[in-house]
Amino acid sequence: MYKNGAKVIISARNEDMLAHVAEKARSVTADSSASDGGAMTVLPLDVTASSDLIDSAVVKALNIYGGVDILILNAGRTQRSVALSTSEDSTRELLELNFMSPVRLAMALIRHDRWEEQKRGHIVVTSSVAGKYAVALSSSYAASKHAAQGYFSSLRSENPWLRVDLVCPGPIATPIARSAVSTKPLPTDEESESKMPVDRCARLIMSSIVGPEGLFYETWIAQNPVLVFSYLNQYAPSLFTALINKVGSIRVKAFNEGKNMYKLSSLLEVARSDKDTQD
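Residue 129 in my numbering sits at position 129 of the sequence shown, and the numbers go up by one each step.
Don't take each hint at face value.
What the hints assert, rightly or not - Listed next, the in silico DSSO-like pairs over lysine-lysine satisfying Cα-Cα at most 27 angstroms (straight line):
no.	residue 1	residue 2
1	Lys7	Lys24
2	Lys246	Lys259
3	Lys275	Lys259
4	Lys119	Lys60
5	Lys263	Lys275
6	Lys3	Lys60
7	Lys195	Lys246
8	Lys7	Lys60
9	Lys259	Lys195
10	Lys24	Lys60
11	Lys263	Lys195
12	Lys3	Lys24
13	Lys246	Lys184
14	Lys195	Lys253
15	Lys132	Lys246
16	Lys275	Lys253
17	Lys246	Lys275
18	Lys195	Lys24
19	Lys195	Lys184
Just so you know, the hints here were simulated from the structure itself, not pulled from any lab data.
Please read these numbers as outputs of a predicted model, since none were measured by experiment.
Working from the sequences, and respecting the hints, build out all of it.
Structure below.
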């Protein structure tokens, strides 16, 4: 967006990382002759802060460029733990960050930038395929994403003037697992063929943002087999449920054995072990 002339405000808790992202974006644009680039401003923000601090940050953002046309809600935390071992506090924390925080930020912007009065606005919510169906080892995370799906879909249905895009990525090759809610140490080699490269995911999200609203109100972004599961959930739910229950139990066993749950060879090894045990 920045490279194509947009005025961008980036926010997160880590100011050093924000500065790094801004500098990298500016350097890429400076090295490119394809575009003049836009403007980028860093605005540190903890989305779990109080409503007063959220309001203050929104007002600051509006004063930077005079308004906001598109709000992209991308903050979140994932989970790697079985439901029966996940504490109530962990579930509450995931719901607060993945659901309540984007709701508060969106409501504050709509109010302060007078979107309703002007009958305009565009919100992009980074949801997940876990907001569409069951995902083993992600019960509380899935609950938070289901909540976001339901809330922002309902918000869209109530306000014809408001565009809401729900982006549902599958596994993406980001460091998000490092901060996952987990009951045990995670493998350090979660990279696998089932995880989509970050740059491709970003390009697909941007394509959906600039695409027709009627086609991109919900976008599934994943590689197989996750994309196949998304289609099965939509069009063959009974078959999907049988398959996801089987895959879920295999993923839990792989997790308990410290194996990479995103590597097909690891899952096949666990499945063969189960079969040998049954035989």
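Quiz item: Which numbered conditions among the earlier hints are violated in the structure presented, ordered from lowest to highest?
Solution: Checked against the structure, no hint fails, so every one of them is satisfied.
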